[in-house]
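Colleague: The residues making up each chain are set out below.
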Amino acid sequence: QQPVQSPQAVILREGEDAVINCSSSKALYSVHWYRQKHGEAPVFLMILLKGGEQKGHEKISASFNEKKQQSSLYLTASQLSYSGTYFCGTDRSGAGSYQLTFGKGTKLSVIP
Amino acid sequence: NAGVTQTPKFRVLKTGQSMTLLCAQDMNHEYMYWYRQDPGMGLRLIHYSVGEGTTAKGEVPDGYNVSRLKKQNFLLGLESAAPSQTSVYFCASSYRTSGTSYNEQFFGPGTRLTVL
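Chains as they are written, first to last, in the numbering used here: chain A, 1 to 112; chain B, 1 to 116.
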């Protein structure tokens with residue numbers, strides 16, 4: 001079952017902040033975030049694990065609420081380069097990176 | 001390093017034809033994956049492999065077969081293509097550390113397949 005991402009799309013002006021949410025109806029072991037620019041391959045942003053461990057880019061901020069089965073990605077002081085579609089991938093089996101179920105994505109557009 | 005490469009980049013098939021998509025990685029990664037991406041659907045896992053000679057089904061495996069005879073290559077086959085298989089196909093790979101698999105996936109550039 002796909003996780004639900006919200007919002008589906010958001011438009012920001014440079015310098016504004018945004019939060020992208022990812023929710024699952026099942027318990028999660030980890031949440032993985034990727035960004036995909038139009039016509040390109042997805043690129044890794046961050047992994048959040050149960051217990052609070054995080055792996056990823058230092059400039060990206062995210063949270064993982066295990067009890068609520070939710071994760072949020074925080075984009076602060078947005079830049080034009082942040083534009084793209086953000087996907088969360090959820091791990092419900094504890095298998096890690098190789099059994100992820102991705103959400104449908106959140107399209108972020110940053111304008112001057 | 002080339003990273004993850006996919007061949008071909010584009011392909012048009014007629015219904016019923018067969019084809020093989022090739023994925024190669026030069027990072028010595030243990031895990032490899034095939035995804036399909038359709039508009040508004042996100043990425044869906046077709047098959048994956050946790051090592052040379054092993055494969056497993058993902059979320060949407062019907063109509064596809066895979067093989068991993070060499071660690072660096074992961075092949076995706078369509079035996080009898082259908083219009084519903086029109087999609088963009090991404091291959092990815094990741095490494096294993098200390099017995100865990102919580103590592104980033106590196107994606108290839110994708111193959112755009114159209115089945116008429």
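Hint data in this document are derived by calculation from the structure and do not stem from the laboratory. Careful, some of the hints might be misleading.
From the structure, some residues in chain B lie toward chain A, with a derived Cβ separation under 7 Å [stated by the list, open to error]: (1) L43; (2) Y48; (3) P83; (4) Y102; (5) E104; (6) G110.
The following label-pair restraints were derived from C-beta to C-beta distances [unchecked claim]: (7) D26/B - V19/A: 33 to 41 Å; (8) T5/B - K50/A: 19 to 27 Å; (9) K59/A - P8/B: 44 to 52 Å; (10) L22/B - A27/A: 18 to 26 Å; (11) K37/A - A82/B: 40 to 48 Å; (12) Q72/B - N65/A: 21 to 29 Å; (13) K50/A - K9/B: 34 to 42 Å; (14) T15/B - E16/A: 46 to 54 Å; (15) K9/B - I11/A: 40 to 48 Å.
This one's a predicted model, so the numbers in the text were calculated from it and none came from an experiment. All C-beta atoms, glycine included, are put in the ideal place defined by N, C-alpha and C.
Colleague: For L22/B and A27/A, compare the CB-CB distance with the range 18 to 26 Å and indicate the outcome.
Modeller: Because 37 Å falls outside the window, the suggested range is violated.
Colleague: At a threshold of 7 Å, is the proposed contact between Y48/B and chain A supported by beta-carbon distances?
Modeller: holds (5 Å)
Colleague: Just to be sure I understand the hint, the distance between the Cβ atoms of K59/A and P8/B should be within 44 to 52 Å; is that true here?
Modeller: At 36 Å between Cβs, range violated.
Colleague: Can the suggested window of 34 to 42 Å be confirmed for the beta-carbon pair K50/A and K9/B?
Modeller: holds (39 Å)
Colleague: Confirm or reject the claim that K9/B and I11/A have a C-beta distance inside 40 to 48 Å.
Modeller: 31 Å Cβ-Cβ, so the 40 to 48 Å window is violated.
Colleague: With respect to the beta-carbon atoms only, verify the hint that T5/B and K50/A lie 19 to 27 Å apart.
Modeller: 34 Å Cβ-Cβ, so the 19 to 27 Å window is violated.
Colleague: For the pair D26/B and V19/A, does the Cβ-Cβ distance stay inside 33 to 41 Å?
Modeller: Distance hint for D26/B, V19/A holds at roughly 37 Å.
Colleague: Should the hint that E104/B touches chain A count as held when the rule is a Cβ pair under 7 Å?
Modeller: Holds - the Cβ of E104/B comes within 7 Å of chain A, reaching about 4 Å at its closest.
Colleague: Let me know if the C-beta of P83/B comes in closer than 7 Å to any C-beta of chain A, holds or violated.
Modeller: violated (22 Å)
Colleague: Do the Cβ positions of T15/B and E16/A conform to the proposed distance bound of 46 to 54 Å?
Modeller: Cβ of T15/B to Cβ of E16/A: about 47 Å, so the range 46 to 54 Å holds.
Colleague: If I claimed the Cβ atoms of K37/A and A82/B lie 40 to 48 Å apart, would that claim hold in this structure?
Modeller: violated (30 Å)
Colleague: Should the interface hint for G110/B be scored as holding, given a Cβ-Cβ cut-off of 7 Å against chain A?
Modeller: holds (6 Å)
Checked against the numbered hints above, the structure breaks hints 3, 8, 9, 10, 11, 12, 15 and satisfies the rest.
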